[in-house]
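The listed protein sequences derive, respectively, from chains U and E.
The first sequence begins at 255 in my numbering and counts up by one.
The second sequence begins at 161 in my numbering and counts up by one.
The set of hints was computed from the structure by calculation and includes no laboratory data.
Careful, some of the hints might be misleading.
With a straight-line Cα cutoff of 30 Å, these simulated DSS-like cross-link-like pairs (lysine-lysine) come out [said to hold, decoys possible]: (1) U/474 with U/412; (2) U/464 with U/474; (3) E/235 with U/425; (4) E/163 with U/266.
Residues from chain U that keep clear of chain E, each with C-beta distances beyond 10 Å, as calculated [claimed, not checked]: (5) 258; (6) 274; (7) 310; (8) 352; (9) 384.
In silico contact screen, one side only, chain U against chain E (beta carbon under 10 Å); selected entries [what the hints assert, rightly or not]: (10) 261; (11) 286; (12) 291; (13) 325; (14) 348; (15) 350; (16) 468.
Note that CB positions come from ideal geometry on N, CA and C, so glycine has one too.
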Amino acid sequence: MSLALQTFSTVKDANAALQAAGTRYLGGGTLVVRAANEGDVSTSSLVRVTDPGLSQIAVAGGKVRLGASVTMAAIASHPELAALAPAARAVGGPAIRNMATVGGNLFAPAPYGDFAVALLALDATVVTGDGETPIETFLAGRDTTRAIVTGVGFASPKAESFRFLKVSRVKPKGVSVLSIAALLELAADGAVSSARIALGCMADRPTRAKAAEKALLGCKLTPQEIAPALAAAGEGIAPITDPIASAWYRAEVLPVHLGRLLSN
Amino acid sequence: MAKVPVQFTLNGSEKAEFIESGTTLLNALRDKIGDTSPKGGCHQGTCGACSVIIDGELRLSCLTLAETCNGADIKTTAGLAEGGVLHPLQRAFLDAFATQCGFCTPGMITAAKVLLDRTPNPSREDVVEALSGNICRCTGYEPIIQAVLTAARANSQNAA
Ligand SMILES: Cc1cc2nc3c(=O)[nH]c(=O)nc-3n(C[C@H](O)[C@H](O)[C@H](O)COP(=O)(O)OP(=O)(O)OC[C@H]3O[C@@H](n4cnc5c(N)ncnc54)[C@H](O)[C@@H]3O)c2cc1C
Ligand code: FES
Ligand code: FES
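Bound-form chain U, shown alone (with noise of 0.2 Å):
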């Protein structure tokens, strides 16, 4: 294996070396440097970038920003976050927590990929050179985009609006079967009045069940109101198959997961 690191201490010197073939962005490298381990020629040189910046929190004024290179443990960890903390601690174990990166969280392929389907349920906005790209439009971009990921940024949720489930298999720590994020906000007479649910492992990478959350508007989240979004939580996905589970197993328990998700 020849693997070449180059460090640069702005994005825009980074983001220039990053245009030559060959060349990968080095987060906290526990799938890029994981990849290189296992044999992967593809990547000849690993462009990374120590500007503190990428590694800063901001809460203030209902909003959040996430510098790319902020770690899991550091989002688990902070006062401000308590409601993203599940999310973040469903990531790996202890190591990788305070290896992982949110921006390569963005683009790890399923199983993982844990703490973007918080931030896709979030409707977060990614940050590039470019611009601000909404986290749905930049997910289905990822393949191709070769701008540096600098953070996002989203609405602070209130810990009642905002619930998250990992199922795995091995515990405390292990790979998903599948995850489930949702944000709800509800009126006065506990009836949904919006709703924005995210799914890891139901296709490559983290999507919206969008007939289950138009199905969810004005139900009350009692087992009978919400059995119609439960009946809807399949439509339009394509789970992946892995050792952990078969796409349709994934399938199968979705709605059951989803169900204790809403009726927590």
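Once you have looked at the hints, place chain E with the ligands on chain U.
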């Protein structure tokens, strides 16, 4: 491939080496510097045998490039004993039969060390969580969990 200089503190002593760019910290420690306490179990981030402590945080040395550790303070299990006296964690692992083939042990001990440094009196759940990235094929985990809890008690008695 061009060699690059790396310089860091390992278990309290300064190390400087020329390595090939892209070398993992695990390979640099084992093959260049001669600290073979971190083990290469999977090189995939899944087994935890290569766990080391970098600037106080648990990391996987198999997924860390050595060049990114310039100026860092690195601790491995090899540096825990002081003057021939085993660290309480090492003592507890021996006494509790928490080490059999021993391949996972240095990783388990670094993970446990980070836990006890921050949480001197951990609950059983804290221990299970702290060791959740480390795989052992021999012991069935229970003796390891007990060893960490025993070491924590020994530490707090010493401190009292
Ligand atoms: C043992 C193990 C267990 C894991 N468990 C989980 C899990 O439970 N859940 C989960 O979600 N993931 C898991 N992962 C996958 C991975 O650790 C995470 O997805 C992590 O967040 C990836 O981030 P990274 O910084 O390490 O990415 P890297 O490996 O550094 O990069 C991954 C990809 O993203 C690109 N990239 C990274 N940052 C940027 C950026 N700022 N701009 C542009 N491109 C960028 C890289 O070029 C690369 O293509 C696991 C990995 C391992 C090895
Ligand atoms: S060798 Fe690093 S985790 Fe297995
Ligand atoms: S003692 Fe053999 S792997 Fe743990």
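Worksheet item: Going by Cβ atoms only, is residue 291 of chain U closer than 10 Å to chain E?
Response: 4 Å, holds
Discussion item. Residue 235 of chain E and residue 425 of chain U were given as a pair; does the straight-line alpha-carbon distance stay at or below 30 Å?
Written reply: Between residue 235 of chain E and residue 425 of chain U the Cα gap is close to 28 Å, so the pair holds against 30 Å.
Discussion item. A closest beta-carbon separation below 10 Å is what the hint needs, so does residue 286 of chain U meet it against chain E?
Written reply: Holds: closest Cβ of chain E sits about 9 Å from residue 286 of chain U, inside 10 Å.
Worksheet item: Taken at face value, is the distance from the CA of residue 266 of chain U to the CA of residue 163 of chain E at most 30 Å?
Response: Answer holds: residue 163 of chain E to residue 266 of chain U is near 26 Å, not above 30 Å.
Discussion item. Minimum C-beta separation from residue 384 of chain U to chain E exceeding 10 Å: can you confirm that?
Written reply: Non-interface label stands for residue 384 of chain U: nearest chain E Cβ at 27 Å, farther than 10 Å.
Worksheet entry | Non-interface label on residue 258 of chain U, tested against every C-beta of chain E at 10 Å | 4 Å, violated
Item to complete: Verify that the Cβ of residue 274 of chain U lies farther than 10 Å from every Cβ atom of chain E, and report whether the claim holds or is violated.
Response: Non-interface label stands for residue 274 of chain U: nearest chain E Cβ at 15 Å, farther than 10 Å.
Discussion item. Next item in the hint list is residue 261 of chain U. Is there a CB on chain E closer than 10 Å to its CB?
Written reply: Where the cut-off is 10 Å and the nearest Cβ of chain E is about 7 Å from residue 261 of chain U, the hint holds.
Practice prompt. Under 10 Å, Cβ to Cβ, is where residue 325 of chain U needs to be relative to chain E, so tell me if that hint holds or is violated.
Written response: The hint holds - residue 325 of chain U has a Cβ within 10 Å of chain E, the shortest such distance being about 9 Å.
Discussion item. A closest beta-carbon separation below 10 Å is what the hint needs, so does residue 350 of chain U meet it against chain E?
Written reply: 6 Å, holds
Worksheet item: Is it true that the CA of residue 474 of chain U sits at most 30 Å from the CA of residue 412 of chain U?
Response: This hinted pair holds, its Cα atoms lying about 19 Å apart.
Worksheet entry | Interface hint compliance - residue 348 of chain U to chain E, C-beta minimum distance less than 10 Å | 5 Å, holds
Going through the hint list in order, the structure does not satisfy hints 5, 8, 16.
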